[in-house]
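> One letter stands for each residue in the lines below.
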Amino acid sequence: MSTVILLTLTGLGLAALYFLIASGLSLVFGLAGVLNFAHGLFLSVGAYATWWAAPRWGLAVAVPLGIAAGAATGALVEVVLIRPLYKRPTEQVLVTVGLSLAGVALLQSVWGADPRTYPRPAWAAQVTTIGSAQVPDDRFLLIGTAVAVLLALLLFLHKTRYGLVIRAGVENRDMVSALGIDVRRAFTLVFAIGGALAGTAGVLGGMYFGSVSPGQGASLLIFAFIVVVIGGLGSVTGSAVAAVVVGLLQQFVNYYGAAGAGDVSVVALLALVLLLRPSGLARTAVTA
Amino acid sequence: MTRLTKMLPLVVLAVLILLPYSTVGLPGVFEGSLNSPGTLQMLAICLVFGGLALGYDLLFGRAGLLSFGHALYIAAGAYGTDILVSHAHWPLWAAVAATVPAVAVLAALLGAVALRTTGIAFAMVTLAFAQVGWIVVNRDPGGLTGGEEGLPLDSAGLPASLVGVANTVNLYWVALAFLLVVVVVVHGIDRAPLGRVLTGLRDDERRVSVLGLSAYRLKLGTFVLAGALAALGGAVHALIVGGASPHLASADLTLSLIVMAVLGGAGTRWGAVVGGVVYAYLDQRLTQVGGALPGPLSQPLFILGTLFVLAVYFAPGGLTGVLKRRGRFA
Chain L
48 MSTVILLTLT GLGLAALYFL IASGLSLVFG LAGVLNFAHG LFLSVGAYAT
98 WWAAPRWGLA VAVPLGIAAG AATGALVEVV LIRPLYKRPT EQVLVTVGLS
148 LAGVALLQSV WGADPRTYPR PAWAAQVTTI GSAQVPDDRF LLIGTAVAVL
198 LALLLFLHKT RYGLVIRAGV ENRDMVSALG IDVRRAFTLV FAIGGALAGT
248 AGVLGGMYFG SVSPGQGASL LIFAFIVVVI GGLGSVTGSA VAAVVVGLLQ
298 QFVNYYGAAG AGDVSVVALL ALVLLLRPSG LARTAVTA
Chain R
108 MTRLTKMLPL VVLAVLILLP YSTVGLPGVF EGSLNSPGTL QMLAICLVFG
158 GLALGYDLLF GRAGLLSFGH ALYIAAGAYG TDILVSHAHW PLWAAVAATV
208 PAVAVLAALL GAVALRTTGI AFAMVTLAFA QVGWIVVNRD PGGLTGGEEG
258 LPLDSAGLPA SLVGVANTVN LYWVALAFLL VVVVVVHGID RAPLGRVLTG
308 LRDDERRVSV LGLSAYRLKL GTFVLAGALA ALGGAVHALI VGGASPHLAS
358 ADLTLSLIVM AVLGGAGTRW GAVVGGVVYA YLDQRLTQVG GALPGPLSQP
408 LFILGTLFVL AVYFAPGGLT GVLKRRGRFA
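Line by line, the protein sequences give chains L and R. First residue of the first sequence: 48, per the working numbering; consecutive thereafter. First residue of the second sequence: 108, per the working numbering; consecutive thereafter.
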């Protein structure tokens with residue numbers, strides 16, 4: 048029983064990371080139509096910013112700084128690189144691909160390719176006993192943050208004017224423009240939100256894995272892509288559900304099956320979902 | 108002018124065939140003279156990547172299929188051949204002859220699922236499938252793949268003419284032959300009605316469907332053919348570098364194939380070949396001289412990634428596009 052509790056909470060912790068990355072990817076894709084390969088870079092920038100600042104000013108300053116760095120990178124990339132290529136989706140993807148290659152290499156040249164030990168609050172290193180299971184506290188940090196982010200995102204999307212514009216833009220971008228609303232300002236906003244969420248995921252991922260390396264974002268990004276497709280492109284709730292399914296499946300199969308079987312089973316799930324329900328769980332339209 | 112342009116590929120081919128007989132050294136460009144084993148191996152890798160990039164461009168530039176999982180088929184070709192030669196002690200030709208059709212079957216199975224989606228979803232699905240390949244290769248199931256270390260090719264199973272530093276020149280010709288095969292196949296398709304149908308698929312799939320052609324089958328056929336060419340290239344790559352390494356299965360390899368195709372000029376006759384050769388040359392050469400350069404410039408991927416981003420903005424037709432425009436104004 049204790050193993051099941053531990054696996055469940057660890058799986059949910061992983062799901063929290065996937066959700067933080069996937070929700071941003073999903074919003075950016077849903078609204079701006081950009082498949083963002085540089086999303087892993089936003090994550091790494093946030094993670095390294097916190098790692099760099101923590102020994103200087105403490106975590107209370109370093110964590111917001113990391114999140115802000117992710118948001119700033121996202122907004123900057125949208126304004127400088129993506130905006131000139133509006134209505135040329137393939138080129139936009141290509142630019143984010145180039146950016147992810149160059150960005151990771153840049154981080155590597157500054158901080159080296161080896162993983163660096165990541166700072167975390169003292170209480171997150173302790174364990175809590177639930178039933179008979181010893182659960183590391185960082186799992187609760189991840190799950191709590193993800194739930195808070197999910198609620199905040201849903202409130203933002205459903206109760207504010209900007210949220211309304213974003214939701215309408217995901218449904219039908221041309222109609223929103225035709226009504227005289229500048230959708231492109233919303234593009235910068237979703238990139239900044241996505242960057243902030245990715246930065247958060249970078250910081251929490253560093254604490255969860257205990258280390259940070261330049262390639263970390265890229266390896267998490269692939270599972271986040273799977274979560275986005277399973278959840279349905281453009282749907283935040285879909286991403287949340289898919290992240291939980293993927294995180295739990297991966298943890299349980301990895302523990303009870305052969306090494307690496309969990310990762311393979313996630314891809315098998317993706318294939319299954321595509322065969323049965325090509326538009327993902329949330330049934331939003333999959334457009335090119 | 109046009110006759111010259113038509114003759115140019117043949118002239119380049121003749122130069123490439125005769126190149127190992129030259130003892131000329133190009134200081135700064137290559138470390139040794141042209142016929143030194145180091146330079147020949149470097150050139151061989153460039154030629155292989157030229158072929159791999161053109162094979163990928165069959166999907167990307169011609170059929171408009173943005174696959175992010177091409178590395179899977181290259182790695183399958185390299186590891187399949189390597190495992191059959193090194194573990195099962197098959198002769199090389201039999202190993203290649205068995206691996207390439209097997210990889211084509213794999214591409215058919217995975218392509219049949221992936222092609223149910225289009226556009227960006229297709230890109231993500233192929234990426235996910237390739238990721239499984241990467242995981243499997245790194246986990247080293249049953250000691251077959253050698254894990255992160257890669258699997259060295261057992262030279263006992265190779266013909267004597269392909270073993271040893273003195274025979275690097277033969278490896279060079281094998282690489283050239285591979286490139287030639289890909290060029291003949293892809294340019295053959297370009298010229299055949301199939302090529303025009305593929306371009307039609309890229310530009311507007313519905314029109315092709317209206318003509319009564321099955322877009323799904325055409326795309327699947329192209330996907331399988333590109334997979335088989337990738338497998339052959341993977342096998343040749345394993346032969347040249349003396350083994351298969353997990354890097355071949357990584358998403359980064361597919362990303363660099365995209366960079367090669369776009370840098371050279373996607374969908375053009377020679378663009379991807381030029382892009383692949385130039386990229387592979389810069390990648391190897393920048394690694395050689397990288398230590399001498401300061402800061403981020405010591406990372407080949409930083410330079411290549413930045414060049415690529417700049418090319419997307421300022422040279423949309425790639426290198427061949429730039430050359431063509433120059434030619435017109437000159």
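There could be a bad hint or two in this list.
List time: in silico SDA-like cross-link candidates among lysine to any residue, alpha-carbon distance up to 25 Å [what the hints assert, rightly or not]:
no.	chain 1	residue 1	chain 2	residue 2
1	R	Lys431	L	Leu132
2	L	Lys206	L	Asp229
3	L	Lys134	R	Gly319
4	L	Lys134	R	Pro208
5	L	Lys206	L	Pro183
Beyond 12 Å from chain R on every Cβ pair, some chain L residues (computed) [stated by the list, open to error]:
no.	residue
6	Ile52
7	Leu56
8	Leu72
9	Trp104
10	Gly105
11	Arg135
12	Pro168
13	Val182
14	Gly191
15	Ala195
16	Lys206
17	Ser224
18	Val276
19	Val292
20	Ser312
Here are the computed distance ranges between Cβ atoms for each label pair [claimed, not checked]:
no.	chain 1	residue 1	chain 2	residue 2	range
21	L	Ala305	R	His354	20 to 30 Å
22	R	Arg376	L	Gly262	51 to 61 Å
23	R	Leu417	L	Ala160	34 to 44 Å
Please keep in mind that the hints were generated in silico from the structure rather than gathered at the bench. Because the structure is a prediction, the values reported are computed rather than measured. Even glycine gets a Cβ: it sits at the ideal position worked out from N, Cα and C.
> Each hint: holds or not?
Results for each hint:
Using a Cα cut-off of 25 Å, the hinted pair Lys431 of chain R and Leu132 of chain L holds, with the two alpha carbons roughly 23 Å apart. In summary, the hint linking Lys206 of chain L to Asp229 of chain L is supported, as the alpha carbons are separated by about 19 Å, within the 25 Å threshold. Note on Lys134 of chain L and Gly319 of chain R: the hinted pairing is violated, with a Cα-Cα distance of about 30 Å set against a maximum of 25 Å. A C-alpha spacing of about 40 Å is found between Lys134 of chain L and Pro208 of chain R, which places the hinted pair above 25 Å, so the restraint is violated.
A distance of roughly 36 Å separates the Cα atoms of Lys206 of chain L and Pro183 of chain L; the hinted pair therefore is violated under the 25 Å criterion. The Cβ of Ile52 of chain L sits about 27 Å from the closest Cβ of chain R, beyond the 12 Å cut-off, so the non-interface label holds. Against the 12 Å criterion, Leu56 of chain L stays outside the reach of chain R, whose nearest CB is about 24 Å from its own CB. Listed as outside the interface, Leu72 of chain L is inconsistent with that label: its C-beta sits roughly 10 Å from the nearest C-beta of chain R, within the 12 Å cut-off.
Separation of Trp104 of chain L from chain R is adequate, the least Cβ-Cβ distance of about 26 Å exceeding the 12 Å criterion. Consistency note on Gly105 of chain L: stated as away from chain R, and its beta-carbon is indeed over 12 Å from all of that chain's, at 29 Å minimum. Listed as a non-interface residue, Arg135 of chain L fails to keep its Cβ farther than 12 Å from every Cβ of chain R; the least gap is roughly 9 Å. Separation of Pro168 of chain L from chain R is adequate, the least Cβ-Cβ distance of about 32 Å exceeding the 12 Å criterion.
A cut-off of 12 Å between C-beta atoms confirms that Val182 of chain L is not in contact with chain R; the least separation is 27 Å. Chain R leaves Gly191 of chain L outside its interface by the beta-carbon criterion, the shortest separation being 29 Å against a cut-off of 12 Å. Ala195 of chain L, annotated as away from the interface, keeps every beta carbon of chain R farther than 12 Å; the closest lies near 28 Å. Remark: the non-interface label on Lys206 of chain L is consistent with the geometry, its nearest Cβ contact in chain R lying 30 Å away (cut-off 12 Å).
Every C-beta of chain R lies more than 12 Å from that of Ser224 of chain L, the closest at about 21 Å, which supports listing it as non-interface. Not every CB of chain R is more than 12 Å from the CB of Val276 of chain L (nearest about 5 Å), against its label as outside the interface. For Val292 of chain L, the shortest C-beta to C-beta distance to chain R comes to about 15 Å, beyond the 12 Å cut-off, and the non-interface label holds. Non-interface call for Ser312 of chain L relative to chain R: violated, since the shortest CB-CB distance, roughly 10 Å, does not exceed 12 Å.
Judged by the Cβ atoms, the range 20 to 30 Å given for Ala305 of chain L and His354 of chain R holds: they are separated by roughly 24 Å. Separated by about 36 Å at the C-beta atoms, Arg376 of chain R and Gly262 of chain L break the suggested range of 51 to 61 Å. Taking 34 to 44 Å as the suggested C-beta distance range, the pair Leu417 of chain R and Ala160 of chain L does not conform, at roughly 25 Å.
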